[in-house]
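**Q** So you can see what is in the structure, the chains are spelled out below.
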Amino acid sequence: MTDTMLRMNTITKTFPGVKALQDVNLSVRRGEIHAICGENGAGKSTLMKVLSGVYPHGSYEGEISLDGEPCEFSAIRDSERRGIVIIHQELALCPQLSIAENIFLGNERASSGLVDWNRTNHEAAELLRRVGLRENPVTPVLDIGVGKQQLVEIAKALSKKVSLLILDEPTAALNDDDSAHLLELLRGLKEDGVTSVIISHKLNEIAEIADSITILRDGRSIETLDMKADHVTEDRIISGMVGRDLEHRFPPHDPHIGDEVLRIEDWTVHSPVQHDRIVVDKANLTLKRGEIVGLAGLMGAGRTELAMSVFGRSYGVGISGRIIKDGKEIEVKNVGDAIAHGIAYATEDRKRYGLNLIEDVQRNVSAAGLRKLARRGWVNEHEEHRVANEFRTSMNIKAPSVMSVTGKLSGGNQQKVVLSKWIFTDPDVLILDEPTRGIDVGAKYEIYSIINRLADEGKAVLVISSELPELLGLCDRIYALANGRITGEAARADATQEGLMRYMTREQE
Amino acid sequence: MSTAPTDTGAPPAAPLEVKPPRRISFNPRQSGIYVAFALIVVLFSFLTGGALLEPQNISNIIVQNSYVLILAIGMILIIIAGHIDLSAGSVVALTGAIAAVLMVNLHVPWPLALIITLIAGAAIGAWQGYWIAYFGIPAFIVTLAGMLAFRALTLSVLGNQGIGPFPDPIRTLSNGFTDGYLGNVALGPLGGADLVSLLVGIVAVAGIGVTQWRKRSARMGYLQEVDPLPLFLLKFGGAGVIVLCVVVQLARFKNLPWVLVLLTVLVLAYSLVMTRAVFGRHIYAVGGNLQAATLSGVKVKSVTFWIFVNMGVLAALAGVIFAGRLNQAGPTAGNAFELDAIAAAFIGGAAVQGGVGKVVGAITGGLIMAVINNGMSLIGAPSERVMLVKGLVLLAAVAFDVWTKRRTGGLKAG
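So the sequences go chain by chain: A and B. Take the first sequence: its letters are residues 1 to 509, numbered as in my numbering. Take the second sequence: its letters are residues 1 to 414, numbered as in my numbering.
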């Protein structure tokens with residue numbers, strides 16, 4: 001039980017402009033369940049992609065050895081041949097195909113080029129028994145729930161004679177029962193000699209199941225702890241994950257907070273995919289004029305879902321609850337209503353949901369507030385051009401002209417176009433979802449300054465972010481969200497990363 | 001509070017990507033089509049020994065293709081929004097049949113019958129638009145079903161025979177020419193030409209000049225980039241000369257075809273809608289990035305619905321004109337017209353995934369095919385070879401579009 005199976009030494013992985021991993025060490029003992037913890041962006045998934053060959057040998061520095069032999073994988077195929085199988089956060093199943101077909105996809109049970117369906121379904125049934133999934137192998141994957149799909153992924157891994165199983169956030173999308181079953185299965189596999197590496201944000205699960213844990217922070221490996229020998233508690237993990245000081249990354253800001261402008265009461269949202277799954281659970285929050293409010297939460301906590309459901313029911317079904325704007329309850333049935341009521345939402349995925357990348361800056365800036373530029377349905381193009389140019393100056397959008405195509409701008413400048421678009425609608429409440437994702441440090445500072453300026457103009461700003469230091473540096477007040485529930489609220493003076501992380505990882509009792 | 005990071009000692013901003021503005025902008029994706037059109041015209045004038053540009057032939061090209069060009073206007077709107085319409089040809093047949101039944105069999109006065117037919121077209125468009133926009137069935141499927149169903153309805157209305165003849169005003173609209181209200185003037189060696197047509201041509205050129213000049217001045221007033229004056233004059237001069245030449249040739253033949261007048265009005269109106277109206281902007285927004293449009297408050301379903309209603313009305317107009325031209329509504333009318341209209345839109349620079357395209361581009365695309373058709377038949381090429389060339393031109397146009405997109409750098413589809 002004590003020999004080292006996998007050793008990753010001084011792994012460094014650089015993306016253009018960013019050091020994602022720096023001198024990371026990881027060693028996994030044979031037959032253990034090894035957890036990797038860290039904030040979003042700490043480098044966990046990148047490390048696993050290096051290990052599984054998604055990033056081929058040569059694109060990173062450092063060494064990997066498995067069973068004492070060096071590994072130089074140039075593709076996922078190579079790592080799978082050595083018994084390493086990775087199950088990604090977003091499941092990679094073909095929903096229209098049957099369970100059995102998915103299990104043996106790319107690895108078909110065939111003789112002389114023809115699939116042997118008897119053997120396929122028979123072996124699939126055996127694998128399903130092993131993972132404890134009572135489903136017919138010919139059932140299409142789209143007919144089974146997410147929890148069961150996760151088990152199909154594991155069955156698929158087992159079919160490849162896995163010796164090292166990597167799971168990236170396996171329980172993020174699962175309910176409690178499915179999670180418990182999955183963890184039980186991992187224990188069973190451990191008995192069978194399968195070593196697992198699990199990335200998870202759910203610290204209670206880690207405390208329960210892991211034998212040892214490696215903590216990553218800002219692309220570096222901080223420490224590796226033996227759960228039993230070191231008596232590791234959740235608090236201990238949290239302090240390892242966050243312990244960094246806030247540099248002078250934030251512009252100074254003196255808040256002038258006024259009256260309440262928006263209140264959300266008992267806001268409940270169900271998943272559009274699984275109608276019985278609650279994504280946001282009786283959330284209550286208030287925003288005041290001139291206030292910057294943070295919304296903290298780990299991936300899958302329901303942050304974006306909360307924001308988008310408030311923004312004209314752009315997400316979710318079975319939405320209930322009340323929105324009170326300036327003391328009066330309002331009906332927000334669609335995005336048009338939301339804009340009319342002075343609510344704006346800048347998406348976390350600006351390329352997919354925020355911008356028309358084939359259009360120029362000026363048409364993107366005017367997209368949501370076009371009616372302000374139009375009389376009787378006709379747009380005043382010159383006025384539009386003037387407005388766009390004003391934003392180009394005031395927001396410091398670095399583009400050759402407002403006629404430049406937005407798809408060719410850098411991430412930071414695209415983000416400024418998105419913000420301009422929403423500021424132009426003259427909202428009272430701005431919801432900014434991950435406003436600095438994928439933006440370099442200099443542009444981040446500019447975005448923070450813009451947010452401060454909006455607050456000074458008397459707008460309420462709700463900032464959703466995965467980066468706790470960002471929230472602590474920027475916000476006057478912070479809500480924490482876990483499993484769709486508001487689990488805590490802290491004023492800037494009282495908020496600490498440890499405190500927030502505790503709220504964010506709080507499980508329902 | 002300042003937003004400039006340099007004032008506050010923040011980390012340095014990203015390197016500036018600002019390039020000096022180019023003085024002359026030539027966008028091959030937008031301008032290439034007009035150059036290609038010019039080259040094709042020159043080529044066929046040469047191959048036909050000038051017959052292509054004879055007065056009567058120019059008139060024929062316009063009159064024979066007017067209905068496809070009208071369909072192309074509706075089609076480009078649909079393609080910009082990211083959809084397709086396969087039913088247009090069948091709708092042409094059905095609305096032609098409706099018009100014939102009303103005017104010929106039931107003796108409904110022609111203006112009323114025309115309005116009823118256009119309303120019927122709108123209803124057909126609304127039917128398809130409902131399934132596409134509100135029920136969420138892909139346009140390809142809905143209009144494929146429409147293509148079959150409306151052809152079937154045409155057959156059941158007409159049986160196996162045509163209905164005609166149409167009242168004179170309808171035939172004049174489809175086939176006729178403006179009257180020589182002011183008589184002819186002599187143009188030296190070119191012979192006599194209709195004065196009204198010439199005056200209309202001169203007014204049109206002057207109109208183009210004035211609007212372009214005002215646009216240029218306004219843009220300069222807002223400190224936007226404009227073409228330098230010589231280039232501006234060259235572009236305007238070129239366009240003016242072409243328009244005048246066409247008008248002179250038409251004036252020498254039989255004055256202006258009414259369908260040309262109608263087509264000009266439609267092109268101007270729809271170009272204006274697509275560039276200046278909120279509705280037009282929303283069409284581009286929907287086609288460019290559906291999710292972003294939705295999240296910007298664009299009523300995506302309503303936009304989709306109305307472009308199909310619009311298509312229905314234009315198809316009805318084309319149906320009446322086509323039937324009027326043949327002087328009878330036939331069961332096979334409009335066969336494969338939708339394919340010509342779709343090809344016109346794509347040759348004219350529309351993008352396959354939507355969000356890009358111009359009304360004038362679609363018209364030019366339609367004219368390219370018209371000139372190829374006409375020119376090749378003038379030199380006696382068999383029809384299968386005409387089809388082959390048209391197919392290759394379509395493929396080449398879209399390949400060019402894809403190629404320029406790839407070359408100008410990694411714009412991934414939203």
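Just so you know, the hints here were simulated from the structure itself, not pulled from any lab data. Small disclaimer: the values here were computed from a predicted structure and weren't measured. Hints are supplied without guarantee of correctness; some may be wrong.
Below, a list of computed lysine-lysine pairs in the DSS-like style, where the Cα atoms sit at most 30 Å apart [to be verified]:
1) LYS398/A x LYS215/B
2) LYS235/B x LYS405/B
3) LYS408/A x LYS254/B
4) LYS351/A x LYS301/B
5) LYS299/B x LYS325/A
6) LYS299/B x LYS333/A
7) LYS333/A x LYS405/B
8) LYS408/A x LYS405/B
9) LYS328/A x LYS215/B
10) LYS405/B x LYS351/A
11) LYS325/A x LYS405/B
12) LYS351/A x LYS299/B
**Q** Compare the structure with each hint and give your call.
**A** Each hint, compared with the structure:
no., hint, result
1, LYS398/A x LYS215/B, "26 Å, holds"
2, LYS235/B x LYS405/B, "25 Å, holds"
3, LYS408/A x LYS254/B, "52 Å, violated"
4, LYS351/A x LYS301/B, "22 Å, holds"
5, LYS299/B x LYS325/A, "23 Å, holds"
6, LYS299/B x LYS333/A, "12 Å, holds"
7, LYS333/A x LYS405/B, "39 Å, violated"
8, LYS408/A x LYS405/B, "12 Å, holds"
9, LYS328/A x LYS215/B, "46 Å, violated"
10, LYS405/B x LYS351/A, "18 Å, holds"
11, LYS325/A x LYS405/B, "46 Å, violated"
12, LYS351/A x LYS299/B, "20 Å, holds"
Figure legend: structure checked against the earlier numbered hints; hints not met, in rising order: 3, 7, 9 and 11.
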